[in-house]
Structures are given as C-alpha cells and as structure tokens.
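2 protein chains.
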Amino acid sequence: MDILKSLLKKSDSKILLIVLDGIGDLPLKNGKTPLESAKTPNLDFLAKKSALGLHIPVDYGITPGSGPGHLGIFGYDPLKINIGRGVLEALGVGIELKETDVAIRGNFATVKYENGIPIVVDRRAGRIPTEENKRLINYLSSHISKIEDAQVILQSGREHRFVVVFRFPYKVSSEVETINDTDPQTIWKPPLKPEGKGEIAEKVSRIAETFSQKVAELLKNEPKANYALLRGFSVRPDLETFEEKFGLKACCIATYPMYKGLASLVGMKIINFEGETIKDEIETLKREWQNFDFFFLHIKKTDSAGEDGNFELKTKIIEEFDRFLPEILALNPSVLCITGDHSTPCILKAHSWHSVPVLIYSPYVLGGTSERFTEREALKGELGIFYAYKLMPLLLAHAGKLKKYGA
Amino acid sequence: MDILKSLLKKSDSKILLIVLDGIGDLPLKNGKTPLESAKTPNLDFLAKKSALGLHIPVDYGITPGSGPGHLGIFGYDPLKINIGRGVLEALGVGIELKETDVAIRGNFATVKYENGIPIVVDRRAGRIPTEENKRLINYLSSHISKIEDAQVILQSGREHRFVVVFRFPYKVSSEVETINDTDPQTIWKPPLKPEGKGEIAEKVSRIAETFSQKVAELLKNEPKANYALLRGFSVRPDLETFEEKFGLKACCIATYPMYKGLASLVGMKIINFEGETIKDEIETLKREWQNFDFFFLHIKKTDSAGEDGNFELKTKIIEEFDRFLPEILALNPSVLCITGDHSTPCILKAHSWHSVPVLIYSPYVLGGTSERFTEREALKGELGIFYAYKLMPLLLAHAGKLKKYGA
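Line order of the protein sequences matches chains A and B. Each step along the first sequence adds one to the number in the UniProt record's numbering, with nothing skipped, and position 373 is 373. Each step along the second sequence adds one to the number in the UniProt record's numbering, with nothing skipped, and position 189 is 189.
Rather than coming from a laboratory, the hints here were simulated on the basis of the structure. Be aware that one or more of the hints could be misleading.
Since the list gives no way to pick out one identical chain from another, each pair is judged satisfied if it fits inside one copy or across any two copies.
What the hints assert, rightly or not - Below are the SDA-like pairs computed for lysine to any residue, each with C-alpha atoms no more than 25 Å apart in a straight line:
1. 49 - 309
2. 9 - 63
3. 404 - 255
4. 10 - 404
My request is simple: use the sequences and hints to build the entire structure.
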C-alpha cells in the first residue's frame with residue numbers, strides 16, 4: 001500500500017497495540033465464550049465508548065499460525081509474505097537471525113545402518129526428553145562450530161526438536177529455500193540428500209550434508225538420537241520495517257521468543273525485562289513510555305489456555321488483564337487497540353479461522369454500539385469485519401498520523 | 001487462491017450445501033420478505049445456533065445470472081470466469097458439453113428476400129409456440145447431421161429459441177468466442193456473416209455460414225420461422241474441478257438441466273433420479289449420503305415464484321422446505337449450509353444484486369446472534385457480508401478440511 005506511505009505525517013501521538021494471543025473463542029459454558037464469561041468491568045467501560053469490530057487474520061476459512069497471525073495485525077498481508085519454517089523455529093527458540101543466516105529445523109531421529117546406509121526407524125528419536133536434547137546440542141556445539149565458511153549455531157527446542165543456523169560472512173538469498181527436507185517423511189527409508197537450485201543453494205546443501213554426516217558420526221553410540229533430519233531451509237524474509245512502512249518508532253514487549261522474533265522481523269526494538277507476568281509487561285511499558293511512538297504488547301497466556309482447552313484459565317487471564325486496564329489508560333495513549341492475532345477456541349484446543357474482536361479507543365470514534373469487548377458485541381461495532389492487515393491504517397488514522405488523500 | 005489448495009486435508013466430514021434459488025427478497029406484504037413471512041419453526045431453531053451472514057453473489061450492485069450466481073457459491077470468482085452464452089444455453093437444455101464442442105444459441109427468425117438477399121423482419125419469428133419449434137428442430141436434425149468434420153447437434157428451447165452444437169473430433173479453443181453473432185440486433189437488415197479470428201474460428205465461421213444456408217433452404221416455405229440467427233459462439237470453460245480445487249468428491253442433486261450443467265462444469269457427479277419435488281430430492285440425498293463428501297442440493301421453485309412475482313407461492317415453498325429440515329438434519333451433516341445463488345425479489349420479478357442470506361450450521365460456530373434465517377436477521381450474524389466465492393473456504397474450515405497456514 002504505497003498510497004499509505006505517501007500520506008504519513010509526524011505527530012506526537014502514541015499508539016498502544018495490545019495483543020491477547022488467541023483471544024477469540026467459541027461458546028462452551030452456558031453458551032458463553034471466555035470473553036463473555038469473564039468479569040471485566042474496566043473493559044466493559046472501555047468497550048462502550050470505543051470502536052469495535054472483528055478482523056479476519058488471513059482470509060475466510062484460513063487458520064493462521066503465529067507468523068501469519070502477527071504479520072496481519074502488523075499491517076503486512078500475510079498471503080503475500082512467506083516466513084520459512086526454519087526461520088519461525090529459530091525465532092521461537094530465540095535466535096536473532098541476520099540476513100546472512102540460513103535457518104533450518106532439526107529433528108533428532110533414530111537410524112539403523114544396513115550395509116553402511118542409514119535407514120530411518122524413528123523420525124523423532126522416541127521424543128527424547130528436552131534435557132537429553134540439551135545435552136546432545138551442547139556436545140554437538142562443542143564439536144561442530146564451522147563448516148566451510150559457515151559458522152554453525154545450534155539451539156535446543158522441545159523434545160527431539162532443535163534449530164541449526166548456518167551463518168555466512170555474506171547475505172544469503174532465498175534461493176536456499178529450494179533445498180528439500182532430508183526427512184523422508186516415513187520410516188524404513190534412508191534420509192534424503194539435500195539438494196537445491198542455484199550456486200548458493202548447492203553450497204548450503206553440501207554444508208548440510210557434511211553437517212548431517214558429522215552429527216551421525218558424533219552420535220553413533222546414542223541409543224535413540226543417533227541422527228539429525230533437516231527441514232525447512234529458509235532465510236529471514238526481507239520485509240519493509242515498521243519505520244519505513246508506517247513512520248513509527250516501535251517497540252515490542254513480549255515474553256516468548258517467537259513474538260519477539262516476529263517483531264524484530266519488522267524492525268521493532270525488542271525490550272528486554274525481568275519476569276514474565278502481565279504486571280512485569282505493564283511495568284516495562286510504563287518505563288519505556290517516553291521512548292517510542294508505537295508499542296506492541298503481547299500477552300501469551302490466553303492462547304496457551306485455549307490450546308489446553310482450559311476455559312476457566314482463559315477466563316481468569318482475561319480478568320487479570322482487565323485489572324491492569326486503569327494503569328494502562330493512565331498512560332493516556334492517543335490510540336489504544338486491544339485485539340488478538342487469531343482465535344484459539346477451547347473446544348478446538350488449537351488456532352482457528354474465526355474472526356477476532358478488535359477494540360480501538362481514541363477520541364475519534366463513534367462508540368456506543370457495544371456493551372462489552374466480546375465476539376458477539378464486537379459484531380455490532382462500527383468497524384465491521386475487516387482483514388487484519390487493514391488494522392494498522394486504522395490505528396494511524398485515529399492517531400492523527402495520516403494526511404488527507406487527494407484534494 | 002493456491003494457498004487454499006496447499007492447506008487441504010482429508011477428513012471423513014460431509015458438507016451439505018442447499019441452494020434455495022433466488023431466495024433473497026425485499027419486503028412486500030406488511031413490510032416483510034417471503035423468508036420473514038414464512039412460518040419456519042425448524043429453520044428458526046437452526047438459525048439460533050448457526051453462523052449467519054450474507055453473501056454478495058458477484059460484486060456490489062451486480063445482478064448475476066444463474067451461471068455467475070452458482071460459480072460464486074461454488075468457490076470460483078465469477079468475475080474471472082466467463083461462461084459463454086451458447087454454453088449456458090446448451091447446459092439449460094440439457095446438452096452434456098464436451099471440450100470438443102462449440103455451443104451456439106439459435107433464434108428462429110423471419111426473413112424476406114430482396115434480390116435474393118435475406119432481410120430480417122422478425123428476430124423471433126413471432127415467438128412461435130414451443131411445439132412448433134420442436135417440429136422444426138426434428139425436421140432440421142434429420143437433414144443436417146454433419147458439416148465438414150463437425151457433427152451437428154440440435155436441441156429445442158422455448159418458443160423461438162434453440163441450441164446448436166458443432167462437435168468436432170478434437171478439442172476446440174476459446175478462439176471461437178471471437179466469432180460475431182449473426183443477429184443484426186435490428187430488423188430491416190440482412191443477417192451478419194459470422195467471422196472470427198484464427199484458423200479454427202474461421203473454420204467454425206464457415207461451418208456456421210453453411211449451417212445458416214442449409215436452414216434457410218430447408219425452411220424456405222415456413223410462414224414465420226424461415227431463418228436461424230446465431231449468437232454466443234462459445235466453448236466449455238476449462239475450470240479446475242471441485243476435486244482438484246477443494247479435494248472434494250462432490251455430487252449434484254437438482255431438477256433443472258441448467259444447474260446440473262453448471263455442476264458438471266466443475267466436475268460434480270450429477271445424480272439422476274425420478275420426480276422433481278423437494279421430497280424427491282431429499283430422498284435422493286439420503287440414498288447417496290454414503291457415496292460423497294460434498295452435496296449440492298438445488299431447489300428451483302423459490303426462484304420461479306420470485307420471477308413470477310408470486311409472494312404467496314414463494315412463502316409456501318419456503319415453508320415446504322422447512323418441513324424437510326428435520327429429515328435433512330437426521331443425516332447428521334458435519335456442515336450444513338443453506339443459502340441462495342442470488343436474490344429474486346417478487347417486486348422485481350427478476351434476479352437482483354441484493355446480498356443473499358447464508359446459514360452455516362456446525363459445532364464450530366459462535367451462534368446466538370440471529371433469531372431466524374431471514375435477510376435482516378442474517379445481518380446480525382458472525383459471518384458479516386462477504387463475497388460468495390469465499391463461502392467454500394468457510395465450509396471447508398468448518399468441516400475440518402483445512403490445515404493451519406504457516407507456523
């Protein structure tokens with residue numbers, strides 16, 4: 001949306017975007033959703049004088065992962081941007097990716113050898129405990145630090161999962177995304193040889209092959225995790241930054257690596273802080289309030305509760321958030337937006353395609369349409385149902401950061 | 001949306017799409033629409049716990065014919081797909097078109113000859129009775145069966161209308177759609193010579209010219225229908241099938257040739273059955289329930305009543321449909337969708353551009369927004385107002401047939 005960029009204007013206004021991860025839900029108890037069940041006097045008060053609506057995270061019927069979900073509310077059309085699997089996994093374990101990096105998802109696996117050829121017998125190495133995984137990654141890290149001109153960076157994930165990053169002394173193109181997974185996707189087959197199209201893809205393939213051989217050699221006496229399967233070769237997408245796209249000096253206040261990673265992809269400054277409660281996040285917000293003009297504050301626990309199907313917990317977290325609202329409003333944001341990146345209905349225990357309530361609080365709203373911040377009350381609101389990537393222009397407008405278009 | 005295709009996953013769920021043709025309407029009696037006037041206890045009950053909304057068949061202000069109307073709800077953007085007039089007319093009279101066919105609309109017309117040149121004096125041959133038409137088509141069929149390498153297939157329509165198909169021994173390109181109509185669109189002029197661009201178009205033009213001359217010769221003594229004007233030269237559009245696009249094994253239960261034809265264009269299996277009542281269709285649905293995972297059930301009479309401006313009849317048909325709802329629900333469809341292909345308001349006695357109520361019944365809806373399945377109650381629903389071609393992704397999602405997009 002180049003028109004938007006041509007309309008940007010500076011102002012002192014501050015925008016606060018609070019993302020309650022996976023907030024949208026479906027009725028369970030007494031026909032109510034968690035937002036409807038929660039006692040939220042402060043949100044209720046706010047909803048009555050705010051602009052409400054719902055956003056479609058990606059498109060009708062499409063259930064977003066965290067990547068596309070956040071890209072949408074950050075103002076990037078998630079159907080037009082591909083974040084590779086390796087990159088997302090690397091962000092999830094907290095690796096700060098550079099444009100010189102190739103990020104790859106690794107799985108520890110079990111192979112047996114027939115005539116010297118490895119045959120996959122368990123693609124997940126019996127889901128070894130995370131502590132096992134950490135021991136193995138430490139051991140591998142101390143023995144593999146460089147292959148050709150690539151620095152090798154290893155990081156444990158959960159159970160059998162890890163991330164490997166090849167860091168080169170030069171920028172790497174997305175050509176490496178043509179490299180196939182080495183995971184044969186089925187047992188009783190040998191791992192596949194990595195192969196890609198183009199000079200750098202061939203080089204990365206060769207390095208990946210060497211890496212696999214080194215791992216196999218180093219882990220040959222392990223009972224379960226004696227091999228590494230590689231998937232999702234990818235590079236950091238080349239996104240316009242928040243500053244370039246919206247003229248905003250933006251920061252991210254989040255507790256989970258994945259969301260910090262996504263924010264850093266669009267150039268937000270990641271604020272480091274102690275603790276991981278909502279209170280810790282709000283304290284951090286207060287401390288940084290003078291330093292930025294856009295704040296992305298991410299609350300993870302609503303999503304986790306939804307993923308666990310824990311209706312009561314999700315309701316409780318909403319109530320906890322509600323209690324902090326007066327402190328947040330005391331900062332006097334020019335525009336306060338509360339929404340989610342997607343729905344995580346407790347009855348599905350997973351992300352879903354359902355549209356997500358949005359609340360925009362600013363002096364420049366109609367308001368008076370909705371009694372509460374809930375899925376069904378949001379349907380009555382002035383914003384209607386709109387694509388998530390249209391949210392940012394709305395926030396900029398309400399913050400007085402957009403000029404008139406045309407005369 | 002190629003992304004959708006990449007997200008398809010198999011599941012045992014079954015989707016039932018019921019199209020009440022032309023269901024949308026405008027208030028007439030007591031300010032109520034037929035849906036609002038009808039007594040529909042079963043639909044009312046369903047509406048309360050379903051997702052409601054309205055679809056825009058093609059685009060704002062655009063009144064669709066049956067072709068675009070159905071393409072939309074079948075998930076194809078009707079603005080991007082052209083179904084030629086000849087093809088639609090052929091589908092309407094029940095000709096099963098192949099990719100080797102050129103389909104053309106014919107009008108019997110009256111000409112008089114001046115210096116041997118035909119001059120059109122009535123473009124519709126006084127709208128001869130359909131029985132007359134059938135007699136003439138039988139006669140022509142017995143005398144014209146082949147021209148060059150094209151088999152000639154003739155089929156009567158109503159009054160002065162008929163369809164002619166040239167069936168070749170090879171696939172015919174859409175190049176033939178450059179051929180002009182021979183109808184001069186006004187009287188006191190000679191018919192136009194058919195001409196098109198490209199080798200096959202020239203050949204088809206030549207065959208069409210020969211056909212016209214043969215018809216003129218064979219009918220020269222007819223008092224009214226002594227000539228044939230040809231319009232809408234077209235070939236079957238090359239559409240992705242429902243199976244390719246959505247991974248669905250789909251069937252069509254309909255009574256009118258046009259709708260069976262449209263369903264066959266997207267590769268649905270057409271179920272043949274005796275009778276033409278709603279009851280006959282429901283019985284067929286029950287019989288076929290185990291054989292498919294998508295069912296398109298088309299009910300025509302709501303549209304016919306609208307076209308006749310018969311408010312009472314339209315209301316009665318809605319009530320008749322309502323009585324079958326318990327039987328339909330007893331099949332336990334994973335997703336039941338009830339909608340129309342367009343509106344046919346009684347006061348217009350014609351199709352219209354108005355958005356059309358949609359109901360999606362599944363365990364994964366918010367529900368509780370609307371009291372009834374009516375135009376105005378649908379406005380309160382969670383689906384909002386959306387383009388018809390977004391309906392299929394929504395149905396797939398509710399049926400658990402779509403994976404998450406991105407991680």
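We went through each hint and held it up to the structure:
Within a single copy, residue 49 and residue 309 get their C-alpha atoms only as close as 32 Å, which misses the 25 Å cut-off; across copies the closest is 21 Å, which meets it. Within a single copy, residue 9 and residue 63 get their C-alpha atoms only as close as 34 Å, which misses the 25 Å cut-off; across copies the closest is 13 Å, which meets it. In the homo-oligomer, the alpha carbons of residue 404 and residue 255 lie at most 25 Å apart only across protomers (24 Å), although the nearest pairing inside one protomer, at 38 Å, exceeds that limit. Within a single copy, residue 10 and residue 404 get their C-alpha atoms as close as 13 Å, which meets the 25 Å cut-off; across copies the closest is 38 Å, which misses it.
Of the hints listed earlier, there is not a single one the structure fails to meet.
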